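Q: The primary structure of each chain is shown beneath.
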Amino acid sequence: KNQVEQSPQSLIILEGKNCTLQCNYTVSPFSNLRWYKQDTGRGPVSLTIMTFSENTKSNRRYTATLDADTKQSSLHITASQLSDSASYICVVSARDSNYQLIWGAGTKLIIKP
Amino acid sequence: DGGITQSPKYLFRKEGQNVTLSCEQNLNHDAMYWYRQDPGQGLRLIYYSQIVNDFQKGDIAEGYSVSREKKESFPLTVTSAQKNPTAFYLCATRGAAESSYEQYFGPGTRLTVT
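If you read the protein sequences in the order shown, they are chains X and F.
Heads up, the first sequence is in the numbering used here, so the first residue is 16 and it goes up one at a time.
Heads up, the second sequence is in the numbering used here, so the first residue is -10 and it goes up one at a time.
Careful, some of the hints might be misleading.
Claimed, not checked - Below, computed lysine-lysine pairings styled on DSS-like, alpha-carbon distance capped at 25 Å:
#	chain 1	residue 1	chain 2	residue 2
1	X	LYS123	X	LYS72
2	X	LYS16	F	LYS46
3	X	LYS52	X	LYS72
4	F	LYS(-2)	F	LYS72
5	X	LYS123	F	LYS(-2)
6	F	LYS(-2)	X	LYS52
Read the hints as simulated data drawn from the structure, not as lab findings.
These numbers were taken from a predicted model, which means no experiment stands behind them.
Just chain X, same shape as in the assembly (with noise of 0.2 Å):
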C-alpha cells in the first residue's frame, strides 16, 4: 500500500535555531516528492519538488533531501524564524498516476521566541 508517514508529529524550537523534519514513504514505482507548507487555516504552498535524480535542493532557508534507495525525505530549516510556525507536509507522486498524490499528515512546527 502507497503510504508516507512524518515525523516527529509536532515540534517545538526557538527562534534561530535549526531543526531538520523527516518523511518516510512505500510509494512506487516513485514520481517525485514534494515539500510543502501550510499555514494554519491556509491552503498549502509548494516549497520543493525533488524527482528521483536530484538528491538535494534548495529554496531559501529550506533544504530538502532525498534518498531513493531508503525511501527517505528531510526538510532542513537553517536559522527559523516566526513565520517558518506552520504543518510541513511531505508528498509523494507515483509514476503510474497522473493526478494522484499520496500525502502525508504533516509536522506542525511551533517557532517560540
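Knowing the structure of chain X, use the given hints to seat chain F on it.
A: Chain F alone, transformed into the frame defined by chain X:
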C-alpha cells in the same frame, strides 16, 4: 493562493442539509481537485476533473457530488449522505503544461455541521 478563490471561508450548516462549496480559478488550468483535510491526517482526494464536463471519483467520494460546466468553476456539494461532513475543504488546480504536476491550492473552506 494565487488565482483560486474559495468561498465562503467559514460555513455552518444543520445536519441533513446539502451545502455547496464554491471554487473558482482564473489560472486557465485544466485540472481541478477537491480535497478534505481532517486534524492529524493527510489530505484525502474527494473528486477531480481533468477537463470540462468530465470528473472522476477520488478516494472518499461517497456523500459528495461535483459538476464541471465551466473551466473556471468546480463546485462541490456536500450532501446529507456524508456521515461526517465537518472538515476543512481544499480546492486545487493543475495546468496541462506542468510537467511536474504541480498543484496550486485555494485558501480553503471550513465547514461545520451541527
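Q: Each hint needs a verdict: does it hold in this structure or not?
A: For each hint, the structure was consulted:
no. : hint                     : verdict
1   : LYS123(X) <-> LYS72(X)   : 22 Å, holds
2   : LYS16(X) <-> LYS46(F)    : 19 Å, holds
3   : LYS52(X) <-> LYS72(X)    : 16 Å, holds
4   : LYS(-2)(F) <-> LYS72(F)  : 22 Å, holds
5   : LYS123(X) <-> LYS(-2)(F) : 22 Å, holds
6   : LYS(-2)(F) <-> LYS52(X)  : 19 Å, holds
Against the hints set out earlier in the document, no violation occurs for any number.
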